[in-house]
Amino acid sequence: MNAIRQKKTIALSRRRLYSVIAVVAFIALAFIADRFFDAFTLRVFNLCAIYIVLALSLNLLNGFTGLFSLGHAGFMAVGAYVSALLTMSAQLKEMNYFLVPIVPWLHHVSIPFLPALIVAGLASALVGFLIGAPVLRLRDDYLAIATLGFGEIIRVLITNAQAITNGAQGLKGLPRFSTTFAVWAVAGLVILFMVLLMRSSYGRAMKAVRDDELAAEAMGINVFRVKVTSFTVSSFLAGVGGALLGHMITTIDPKMFTFTLTFNILLIVVLGGIGSISGSVISAVVVTVLMEALRFLDEPMNLVVFKTQGMPGLRMVVFSILLMVMIIYRQRGLMGNAEFSWDTLQGLFVKKGRKGGDHV
Amino acid sequence: MTLSLLFQHIVNALSLGSLYALIAIGYTMVYGILRLINFAHGDVFMLGAYVAFYGITLVSLPWWAALLVAIVFTALFGIGLERVAYRPLRDSPRISIMISAIGASFLLESLGVLIFGGRPKGMPVPEVLSNVIHFGPVSMIVISLIIPLFTFALLAVLLWIVHKTKTGMAMRAVATDIEAARLMAVDVNKIVSFTFGVGSLLAAFGGIMWSFKYPQLNPLMGVMPGLKCFIAAVIGGIGSIGGAVLGGFLLGIIEIMTVAFLPTLSGYRDAFAFILLIVVLLVKPTGLLGKRQAEKV
Amino acid sequence: MSERNSDLMLSTVHLTMRFGGLTAVSDFNLEIHKNEIVGLIGPNGAGKTTAFNVITGMYRPSEGKVFFMGRDITGLKPHSITALGVARTFQNIRLFREMTVLENVLVACHMSIDTGLFGATLHLPGYRAREAEARRFSMELLEQVGLAHLAYEKGTSLPYGQQRRLEIVRALATRPKILLLDEPAAGMNPQESFELMDFIRRIRDEFDLTIFLIEHHMQVVMGVCERMYVLDYGVTIAHGDPASIQKNPKVIEAYLGVD
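Chains as they are written, first to last, in the numbering used here: chain A, 989 to 1348; chain B, 454 to 750; chain C, 1193 to 1451.
Derived by calculation from the structure, the hints in this document are not laboratory data. Incorrect hints may appear among the rest.
Far from chain A, some chain C residues (derived; all Cβ distances over 10 Å) [what the hints assert, rightly or not]:
(1) Ala1279
(2) Arg1289
(3) His1302
Ranges between beta-carbon positions, derived for each pair [stated by the list, open to error]:
(4) C:Arg1252 <-> A:Pro1300: 51 to 59 Å
(5) B:Gly570 <-> C:Asn1284: 49 to 57 Å
(6) C:Arg1252 <-> A:Arg1318: 37 to 45 Å
(7) A:Arg1318 <-> B:Arg572: 22 to 30 Å
(8) B:Thr620 <-> A:Val1277: 44 to 52 Å
(9) A:Phe1086 <-> B:Ala518: 51 to 59 Å
(10) B:Phe714 <-> A:Val1088: 22 to 30 Å
(11) A:Arg1125 <-> C:Met1261: 46 to 54 Å
(12) A:Arg1318 <-> B:Gly570: 46 to 54 Å
(13) A:Val1274 <-> C:Glu1255: 28 to 36 Å
(14) B:Val732 <-> C:Glu1255: 45 to 53 Å
We treat Cβ as the ideally placed atom computed from N, Cα and C, and that holds for glycine.
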């Protein structure tokens, strides 16, 4: 008994060691990227972090709580706009609002990035709570279409509230706060948060709601409260992700937050595995890189031998087919709902025939 | 507001409502049978319009021939779409099949951009349809009158099929209980294909009429009408053909009249449908004409 | 009302449930006392499960009231009713698909662990202590019913009989005072059914429970139930001890029609 326990402890501490090494190695990579990558590559690298945040926030709903929501772009828009309006300087705002002047109470607000980011998340969470409370009584596809509707309503409101959002003109020259350090720190925190949440009793309650609502309710779980909590937390994360995106691209307008944006995130979640944190992380990186790498498909090419004309749309053709093939042939995605662990990785390299890891 | 202007608005509302109704029927029939929101339905509508466009401009068919060709082509396309994208997932969770539908929708839109080009195209409207006729002080374009007439004719045929033919009976059986229908030796696959064919046919007709009335084509032209018509189907009570028609007209009338009488709200035009949807879902989730389905514990 | 009122656990008064034109349960008057094992029997479609669903708050009754330990629980949400001490199982087993046996049981402990989202996520000391206690309690339960060695298997991968057991354990983990079992012996052969009835009697004694169970086959529950109610087309056609039920002509008629 004691020997087994000792062995277990050693295995545990070895896994810890691996994890620490991996984190340190990644931080080193981030430093190298920040210093030596060219602007475009660095931007893709950082975009990965933002998409990790967004994919996890959608997976919390779709994958872990079984709520199919299609309104994510709306919450991102709330976050992006709130953070932009809170951080832009008075002069910058004057330059932007040349059609309709900005409302006075927002004119001179200018706070640092971190509190703005948190307020952006909270604002988005509040909107999520207000929308979620009525809408979460609906099921499956009705919920999907209602959330899609709210996403569109948010966008229409932003387009029309000119004195606050500058309407269709959007906002230009947002402070470039989304540095390599900032986005990856947030991504790291969000990953950690999700792992801890899913290991906790609350995470189990969410999965129970996903697996069988009636049984969960019969086990004393307040299903409605769990759903609203999940929706609110997810909105918070979407708001933070949206804000980071805004401060990276430095230009936001209502057209950016259409259903296509939600589609991209959904694609990441489905490819990675609905209900897998590591799947979402890996898939966010893969899809983001692919999205940028395949940009050439849409543009004219000069391939020594022959020239192709630009084929706008081809990139999205590839991604839609990818999504459909995945959902038809491998519904569980890359990771299913399994998670990465050092044991499985070891299992890949050293065939030991050991089944599964232990549940610590 | 003058009386003639009011009439103009009424005719516009009716013709927009008819177009919405035509598309909404496709949603409601597919949902009734497979419990699937066919996200790609709006893009099938776009496809119909483009095929007619190329029929007229490339092959120089007369407009009515282009219309027929486009309708048949699109109906076949709808049947094929179901085979490829939805049939393999029929026994999967509803979310999976819905994701496939979303994928299909994006695929059609981006294929549209790829093949038809992203830039809008002008639909050549035949003179017969663009003529203006006068009823006393009221003047209107022929197409605005034709649309409701055709819609009602097609609706009559559809209702006859659903209620008076053997195929229609099978459709209703599949909608009530797909397993029981299978046991009664109904060829479920054939019925599903037929439903997709009819739905796509109506969408194509709607798309072509739409582009005669608002003569501009672009690959994303089906997105908003598609969403709104799904909403119309939900408002009317999804699964019910009468409900889809009612919802379509309601939405068309509300949209045109709100913009006409409260022009300050016209910026919110695209939000009306969604607001209406959410109100209906919360107050009467089964829609105006829908029946309640109790969930078995 | 009888003088045993003080130990009355669960009762219903004129309970009626209608769906549209169909009356699934009509004027159902139930009285269950502490530590009793009471059966609810009747042919298929007699309204037994509907009665369960109304009692546990899944449906709101059209008429009538439900009382638990003297408290009116009519119209409360299912989770609140569970929190008061009424647990149930389902006719068609409803385990959490993606979870291990242990996790299935732990879900039922969520009520007692819940320290709020942030306490749980941050694994604060208060949460840790409760989580550890819940794990200990769950493992202990699993040991008592002989499922401990399967704790890390997926719940839905167990054989049928063990899945039924697991569902009962999961209900026990909510620390109920009364347990409602919906056809616990469904799909079992006679031998397994009788073992199950022994098991039910054992948990009644060990956990100081009161048990109300649905059964379709009368023979199975004859041995275990002290009293039973017989439903047919939603109407209570008989009620009493097993011996008198077996002789009741109305019951025989109802059953002859079907079985």
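### Verdict for Arg1252 of chain C, Pro1300 of chain A (Cβ pair) under range 51 to 59 Å
holds (56 Å)
Note to self: Given the hint of 45 to 53 Å, is the C-beta distance from Val732 of chain B to Glu1255 of chain C inside that range or not?
What the structure shows: violated (31 Å)
> Measuring from beta carbon to beta carbon, are Arg1252 of chain C and Arg1318 of chain A in 37 to 45 Å?
Replying inline: holds (43 Å)
Outcome of range test on Cβ distance (Arg1125 of chain A, Met1261 of chain C; 46 to 54 Å) | violated (30 Å)
Arg1289 of chain C and chain A, when compared Cβ to Cβ, separated by more than 10 Å | violated (5 Å)
Given the hint of 22 to 30 Å, check if Arg1318 of chain A and Arg572 of chain B actually sit that far apart at their C-beta atoms.
violated (37 Å)
Over 10 Å from every CB of chain A: does His1302 of chain C meet that, or does the non-interface label fail?
violated (5 Å)
Original post:
Given a hinted range of 44 to 52 Å, is it respected by the beta-carbon distance of Thr620 of chain B and Val1277 of chain A?
Top reply: The hinted range 44 to 52 Å holds for Thr620 of chain B and Val1277 of chain A, with Cβ atoms some 50 Å apart.
Open item on the list: Quick check: does the Cβ-Cβ distance between Val1274 of chain A and Glu1255 of chain C fall within 28 to 36 Å?
Closed with: The hinted range 28 to 36 Å is violated for Val1274 of chain A and Glu1255 of chain C, with Cβ atoms some 59 Å apart.
Between Arg1318 of chain A and Gly570 of chain B, is the Cβ distance one that fits in 46 to 54 Å?
For Arg1318 of chain A and Gly570 of chain B the Cβ distance comes to about 34 Å; the hint is violated.
Can the suggested window of 22 to 30 Å be confirmed for the beta-carbon pair Phe714 of chain B and Val1088 of chain A? holds (25 Å)
| Distal placement of Ala1279 of chain C relative to chain A, Cβ over 10 Å | violated (7 Å)
In summary, the structure is inconsistent with hints 1, 2, 3, 7, 11, 12, 13 and 14 from the numbered list given earlier, while agreeing with the others.
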